[in-house]
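Peer 1: Chain by chain, the residues run as shown.
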Amino acid sequence: MKYKRTRPGVNLLVWGLVVVAYAAAAATIVIETRSPEYRDLSRVGHMTVHAPDEARRLGAAQVAALYRARSGTPFSTLAPGSTIKVVWADGSAETVRITDPASPLGAEPVPGTQQAPE
Amino acid sequence: MPRKLLLPILLVGLLGALAWMPLRQAGWTGVAFVDEGVDVAAPSLEGAATSGLRLQPATLRQAPALSSLRRGFEESTDLFAYSRELMMWASAGDADAMWLLSLVQDYCAGFAADPSGYAQDTRVIAKLGLSGGGAMLSARQRVQQRCARFVPQDGFSLPMIVNQRTQAAHAGSLAAEAALLAMDRPLQAGDDYRRELVQRVLDSGDPYAFVAIAPVMGSVGSGRGETLGEVSGSDLSEIAWRIASCRLGMDCSPGGSMMTNYCVNGGICSQDETQDFSTFARDAGVPRQGEDNVEEMVGTLLSHTGVDG
Numbered sequence: 014m015k016y017k018r019t020r021p022g023v024n025l026l027v028w029g030l031v032v033v034a035y036a037a038a039a040a041t042i043v044i045e046t047r048s049p050e051y052r053d054l055s056r057v058g059h060m061t062v063h064a065p066d067e068a069r070r071l072g073a074a075q076v077a078a079l080y081r082a083r084s085g086t087p088f089s090t091l092a093p094g095s096t097i098k099v100v101w102a103d104g105s106a107e108t109v110r111i112t113d114p115a116s117p118l119g120a121e122p123v124p125g126t127q128q129a130p131e
Numbered sequence: 579m580p581r582k583l584l585l586p587i588l589l590v591g592l593l594g595a596l597a598w599m600p601l602r603q604a605g606w607t608g609v610a611f612v613d614e615g616v617d618v619a620a621p622s623l624e625g626a627a628t629s630g631l632r633l634q635p636a637t638l639r640q641a642p643a644l645s646s647l648r649r650g651f652e653e654s655t656d657l658f659a660y661s662r663e664l665m666m667w668a669s670a671g672d673a674d675a676m677w678l679l680s681l682v683q684d685y686c687a688g689f690a691a692d693p694s695g696y697a698q699d700t701r702v703i704a705k706l707g708l709s710g711g712g713a714m715l716s717a718r719q720r721v722q723q724r725c726a727r728f729v730p731q732d733g734f735s736l737p738m739i740v741n742q743r744t745q746a747a748h749a750g751s752l753a754a755e756a757a758l759l760a761m762d763r764p765l766q767a768g769d770d771y772r773r774e775l776v777q778r779v780l781d782s783g784d785p786y787a788f789v790a791i792a793p794v795m796g797s798v799g800s801g802r803g804e805t806l807g808e809v810s811g812s813d814l815s816e817i818a819w820r821i822a823s824c825r826l827g828m829d830c831s832p833g834g835s836m837m838t839n840y841c842v843n844g845g846i847c848s849q850d851e852t853q854d855f856s857t858f859a860r861d862a863g864v865p866r867q868g869e870d871n872v873e874e875m876v877g878t879l880l881s882h883t884g885v886d887g
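Residue numbers (my numbering), protein chains in the order written: chain A, 14 to 131; chain B, 579 to 887.
Rather than coming from a laboratory, the hints here were simulated on the basis of the structure. Idealized CB from N, CA, C, for every residue including glycine. Any given hint might turn out to be false.
[What the hints assert, rightly or not] Between beta-carbon pairs, the in silico distance windows are:
#	chain 1	residue 1	chain 2	residue 2	range
1	B	Gly-833	A	Val-31	25 to 33 Å
2	A	Pro-49	B	Ser-694	21 to 29 Å
3	B	Pro-730	A	Val-27	36 to 44 Å
4	A	Thr-126	B	Arg-649	26 to 34 Å
5	B	Asp-762	A	Asp-103	27 to 35 Å
6	A	Glu-45	B	Val-740	40 to 48 Å
[Said to hold, decoys possible] A partial selection of chain A residues facing chain B, derived with a Cβ cut-off under 10 Å:
#	residue
7	Arg-47
8	Val-62
9	His-63
10	Asp-66
11	Glu-67
12	Ala-74
13	Ala-77
14	Arg-81
15	Ala-82
16	Thr-86
17	Phe-88
18	Ser-89
19	Pro-93
20	Ser-95
21	Gly-104
22	Pro-114
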């Protein structure tokens with residue numbers, strides 16, 4: 014049986030693309046607040062990256078709380094230091110760092126990660 | 579090993595590591611990783627050796643009772659009235675009153691920002707059918723009742739709380755100083771200060787200082803054992819600090835502030851509403867093979883205070 018040999022460079026490129034695509038998709042948990050389990054919450058339903066820091070902090074902490082409540086391991090889910098990407102009601106998005114799950118202000122928007130609606 | 583096999587093997591290893599990171603962050607712990615988790619949680623004796631945070635022999639004793647001002651935070655049914663009393667003490671320079679005031683601000687911030695929205699969200703959450711939904715509703719109602727007289731104009735925000743804790747820390751509140759470290763706003767920069775602060779918290783036996791510093795002792799402190807001490811750097815070590823605070827006299831009962839805050843703000847609620855924090859954490863936060871490990875960590879933390887673990 015004959016096998017067609019691919020050039021080593023092409024092989025490496027394909028594997029490299031697979032790794033980069035996988036890393037991009039897997040690195041961050043994305044929470045879509047327009048989904049039914051979040052959209053009716055008063056501090057989430059109309060949220061945008063343009064809202065004041067404090068409002069986004071409270072909203073993101075609440076979203077993270079409901080995410081944890083659904084997980085099978087709430088203590089280790091979204092522990093302090095974790096980051097999540099939150100997509101707000103208007104489609105704008107930002108990365109949020111968890112600082113303290115026991116505080117209503119325990120989530121901090123990461124400066125420079127805010128994205129306008131796509 | 580043939581060279582052409584090397585690349586695929588490396589890539590498979592990399593993909594495995596990339597897959598593990600988000601699953602770990604999302605709280606997934608596969609059975610195959612249990613042993614590894616225990617290892618991560620194990621106290622870093624090497625770090626302890628260099629940091630100087632060592633076990634000290636001490637006579638075992640019971641945790642001292644909380645002061646009446648501190649008991650007020652757990653027992654008051656009207657935190658607005660309680661905060662007025664605290665303000666009076668704080669204006670007279672009482673550091674603990676300043677710290678307790680920041681706890682009231684933090685406890686009530688979610689409600690005070692929008693009282694009617696808070697009530698609406700409670701109704702929305704009731705319809706979600708969460709497994710710990712009953713406990714979350716009870717906890718939210720407790721916050722709503724205790725914080726009822728606060729309004730958005732009270733302006734409870736992170737800058738306000740940081741400012742309040744900074745004042746308290748300067749006035750001598752160790753708990754406030756520990757909280758600022760956990761909020762990544764330490765009074766002083768540098769590892770020497772952090773190391774010395776951890777040692778002061780350990781020596782103090784102050785339950786509020788133990789709780790306040792706990793967030794930084796979790797996985798966020800991973801790889802900083804030399805600065806943060808032997809019990810740091812994993813989810814289990816954070817739980818150990820909190821359990822130790824319970825042993826030191828913190829109110830860890832089902833209706834206490836710790837369980838309420840965890841449930842309302844973190845979504846971490848016990849399905850058994852009779853469980854206190856220590857029981858709940860062991861039940862839901864500690865893998866069976868890690869139980870002895872946590873107990874050992876709690877013992878290590880309490881050995882500094884001389885309180886019976």
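Peer 1: Flag every earlier hint the structure violates by its number, smallest first.
Peer 2: Violated: hints 1, 3, 4, 6, 7, 8, 9 and 21.
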